[in-house]
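Enquirer: Sequence:
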Amino acid sequence: MASKRKLGQKFMLRRKHKEATAELATLNREMALRMIALAHETGEVKPLIDAVKALRSSEELFSQDTAQIDSARLQKKLGDVLLNVGKNENDIAAIEAAISAYRGAITIASMLGAQNLRMEARKSHALALNYVGKGERSATFSLMGAA
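Note that the working numbering has the sequence shown beginning at 1, numbered continuously upward.
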């Protein structure tokens with residue numbers, strides 16, 4: 001009888017942990033959306049970078065059950081905006097945040113089997129890496145330049 005009670009308590013604790021984890025991930029997503037709205041209102045880039053950080057921090061909470069395709073799409077879109085800002089304003093911090101956002105989109109899309117979104121994010125990720133000199137093309141060109 002005692003082992004059944006312990007098993008029941010363990011199951012209840014796991015369920016509560018799962019619910020709390022999902023709620024925390026939702027709160028991080030809401031915070032990111034508010035930061036995006038703030039960036040839109042003020043024209044500042046920093047809230048967008050903070051939004052990427054909030055979304056990325058919630059990734060460690062995701063499991064197959066709690067990951068949402070909307071989070072992957074949001075990170076891809078944030079990456080696109082930050083990459084454009086970075087290119088247009090020569091803002092390396094924005095491009096680095098775009099790279100992080102694309103990584104998040106790739107991770108979640110991979111977890112959920114969303115291959116089209118994963119491929120789009122990978123292409124954008126590679127482009128962002130090239131802009132900061134970390135991509136394959138950049139490495140190839142610098143090797144050729146050294147020869």
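By construction, these hints were calculated from the structure, which means they are not laboratory data. As the structure is a prediction and not an experimental result, all values here were calculated from the model. A couple of the hints might just be wrong.
[Said to hold, decoys possible] When the alpha-carbon atoms are kept at most 27 Å apart in a straight line, the in silico DSS-like pairs for lysine-lysine are as follows:
1) Lys6 x Lys16
2) Lys123 x Lys53
3) Lys134 x Lys123
4) Lys6 x Lys77
5) Lys123 x Lys46
6) Lys77 x Lys87
7) Lys16 x Lys4
8) Lys4 x Lys18
9) Lys16 x Lys53
10) Lys53 x Lys4
11) Lys18 x Lys6
12) Lys134 x Lys53
13) Lys134 x Lys77
14) Lys77 x Lys53
15) Lys123 x Lys18
16) Lys87 x Lys123
17) Lys53 x Lys18
18) Lys46 x Lys77
19) Lys46 x Lys87
20) Lys87 x Lys134
[To be verified] Label-pair distances were calculated between CB atoms; the ranges are:
21) Arg122 x Arg14: 30 to 40 Å
22) His40 x Lys134: 25 to 35 Å
23) Gly43 x Gly8: 50 to 60 Å
24) Lys46 x Asn130: 32 to 42 Å
25) Glu23 x Ile92: 47 to 57 Å
26) Gln9 x Lys87: 53 to 63 Å
27) Lys46 x Leu13: 36 to 46 Å
All C-beta atoms in this analysis are idealised placements derived from N, C-alpha and C, irrespective of residue type, glycine included.
Enquirer: Now look at each hint and say whether the structure bears it out.
Expert: Okay, the hints, checked on the actual structure:
1. Lys6 x Lys16: Within the cut-off at roughly 15 Å; holds.
2. Lys123 x Lys53: Roughly 21 Å separates the two Cα atoms, so the pair holds.
3. Lys134 x Lys123: holds (14 Å)
4. Lys6 x Lys77: At roughly 46 Å apart (the allowed maximum being 27 Å), lysine 77 and lysine 6 break the hint.
5. Lys123 x Lys46: holds (24 Å)
6. Lys77 x Lys87: holds (15 Å)
7. Lys16 x Lys4: It holds: about 18 Å lies between the C-alpha atoms, which stays within 27 Å.
8. Lys4 x Lys18: holds (21 Å)
9. Lys16 x Lys53: holds (26 Å)
10. Lys53 x Lys4: violated (42 Å)
11. Lys18 x Lys6: holds (18 Å)
12. Lys134 x Lys53: Judged against 27 Å, a Cα distance of about 21 Å means the pair holds.
13. Lys134 x Lys77: holds (21 Å)
14. Lys77 x Lys53: holds (14 Å)
15. Lys123 x Lys18: violated (33 Å)
16. Lys87 x Lys123: holds (16 Å)
17. Lys53 x Lys18: Holds, at about 22 Å.
18. Lys46 x Lys77: holds (16 Å)
19. Lys46 x Lys87: This hinted pair holds, its Cα atoms lying about 15 Å apart.
20. Lys87 x Lys134: holds (15 Å)
21. Arg122 x Arg14: 30 to 40 Å: holds (34 Å)
22. His40 x Lys134: 25 to 35 Å: Cβ of histidine 40 to Cβ of lysine 134: about 29 Å, so the range 25 to 35 Å holds.
23. Gly43 x Gly8: 50 to 60 Å: Once the Cβ atoms are compared, 54 Å apart, the range 50 to 60 Å for glycine 8 and glycine 43 holds.
24. Lys46 x Asn130: 32 to 42 Å: violated (24 Å)
25. Glu23 x Ile92: 47 to 57 Å: Violated: the Cβ-Cβ distance is about 35 Å, outside 47 to 57 Å.
26. Gln9 x Lys87: 53 to 63 Å: holds (55 Å)
27. Lys46 x Leu13: 36 to 46 Å: Between lysine 46 and leucine 13, where Cβ atoms are some 39 Å apart, the hint holds.
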